[in-house]
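> These protein sequence lines map, in sequence, to chains A and B. Each step along the first sequence adds one to the number in this note's numbering, with nothing skipped, and position 33 is 33. Each step along the second sequence adds one to the number in this note's numbering, with nothing skipped, and position 381 is 381.
Please note that a few of the clues may not be correct.
Stated by the list, open to error - Derived CB-CB ranges, DEER-like:
1) A:V8 with B:G62: 27 to 37 Å
2) A:V3 with B:F22: 50 to 60 Å
3) B:S269 with A:L49: 34 to 44 Å
Just so you know, the hints here were simulated from the structure itself, not pulled from any lab data. Being a predicted model, the structure only gives us computed values, none of them experimental. Beta carbons are placed, not taken as given, at the ideal position from N, Cα and C, and that holds for glycine.
Given next are the chains, with one letter for each unit.
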Amino acid sequence: MEVLMSIVVGILFSAAVYLMLSKSLLRIIIGTGLLSHGAHLLILTMGGLKQGAAPLLGEHAQSYVDPLPQALILTAIVISFGVTSFFLVLAYRSYQELGTDDMDQLRGNDQYE
Amino acid sequence: MSNLIILPIVIPLLTGIILIFFNKNIKIQKWLSLIASLAGVVVAGSIVQTVHINGIQTLEIGNWKPPYGIVFVADMYSSLLVLTTSIIAFTSLLFAFSSISAEREKYYFYSGVQFLILGVSGAFLTGDIFNLFVFFEVMLMSSYLLIVLGSTKIQLRESIKYILVNVISSALFVIAVAYLYAVTGTLNMADLSVRIAEMGQSGLLTVISILFLIVFGLKGALFPLYFWLPGSYQAPPSVVTALFGALLTKVGIYSITRVYTLIFYHDPSFTHQILAWLSALTIIFGVIGAIAYWDIKKIVIYNIITAVGVILFGIAANTPEAVEGSVYYLVHDMIIKGALFFLVGAIIAVTGTSNLRKFSGLIASHPFLGWMFFIAALSLAGIPPFSGFVGKLKIVQGGFEAGEYTIAFIVLLSSLLVLYSVMKIFINGFWGEPKEEIITRKGSTKGLLLPIVILITLTVAYGFGVEWLSPYISQAADTLLDPTLYIQAVLKE
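Here chain A stands alone, though its shape is the one from the complex (with noise of 0.2 Å):
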């Protein structure tokens, strides 16, 4: 199940690269997007996939899952969505003021000052 997951893991990263190192905004908010599920899948593999009871007391079962790596990436699942959303509102606002979601055009330059 691991070598799986770390699988899943890394088509997710290179589909990010890949989505990340285009012209357009909304390709690589969807890249940061992908990124971040990557790394949370990530958390939850590297946590070991174990087969396990609940982890509560008192339930005397013999093995718990290891509760802590969900905690984590659910913290970290709500942090990028904030700023999935806030990147999308961002270029939307960006894009009536500039006029463009072409990154080239983005560059420094004194056109859009």
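Take the given structure of chain A and dock chain B to it, following the hints.
Quick look at chain B alone, frame taken from chain A:
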């Protein structure tokens, strides 16, 4: 257990939330944020004193014992940085009152500043590496707000790049934390240090340490990861750049220092050597940038990068002298960068431009500003008796002790070039024939001088009061040099 150390996080948090409710009433916002930041200075000062007398203070949230619970730790290093942060916050607010446009104030500028302070103080105080990530994000989110607020074209253009770089580095941070957790099974920094000391720093852990160096290097603007900094820091108004330059990069430096002195200190011939050379290159490229530009904001921005290199070289050399020097220089640099950006803001307010070729002879009409700038320039370059001197001296001494002669020499040489880069502003901008358009324009520095005077007084006092400060600084260096002090305070073994 000490509840005092949560206050630098709680005060800006509550103030930031309360300010949102007063979004129509700018006057109340100003007063509230001023009172809150003054309270922050007082609290941070008392934390420094408490740590000085009683040793490292810890706070276990919800009484969960570490390594299971979340823990906040204030050792002398972090509490000194919290104190400096609160001073910078206070002066920045004073500067913002008379320089920020009403348009920006209306859109939650002051709340943004409070949340930025929350993130920075939290990052300094946390004792858990995932919480460090969370506080980084709090700080970054508010910095996204501050960098884009006002939405001029250049701000929009640069903030896209700034956010993109930081999103990628945050993803790398999560990845590094995931690997670290997989290898060690813990995220509490003290516990990490214990476990890595027990099982030895394998090659895998060294790779993870380099991954952390990349993440924090992106935030702290280490070569070659500083590429985003000059563009992004140039876009927003001077107050925001002062906050960023004085605080944000320093959080990156703090994290590198913490991680490399507490957790990954077992393989210095590899990790610290890389850090040493990267900091040397950072110094060189920072100095080249500072000399190359004729834009006063750019010159000071490139001086941030140089300072990052100097501070991190102190950590990389890893001798008692060098680490102590790096603590001295870090505190000095936060104060002086704040002061310099305020001065740049005041000059722009007077002349209406940041291009050094477009104005000269300011000293005729603004002598006080000119001499303030002169003192700041000397202090930045580390001319005794001002504050930069002691730190740089100790870093160079430590570098020679560690046998890093080349890099220590680069640090020395960079001082001259840094002095040249700021004297260029002084000679071209303040001396010479006053240009007529400036004289007729005569922008006002009303209200802008007070925060500058406070910070300049601090740097002078810091320089002259080294004798008095040295017990605090050496206490900070002691915890950095001896991880067992930190571990004992947190885990109470």
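> Now look at each hint and say whether the structure bears it out.
Hint check:
no.	hint	verdict
1	A:V8 with B:G62: 27 to 37 Å	35 Å, holds
2	A:V3 with B:F22: 50 to 60 Å	55 Å, holds
3	B:S269 with A:L49: 34 to 44 Å	37 Å, holds
Violated hints for the displayed structure: none, as all numbered hints are satisfied.
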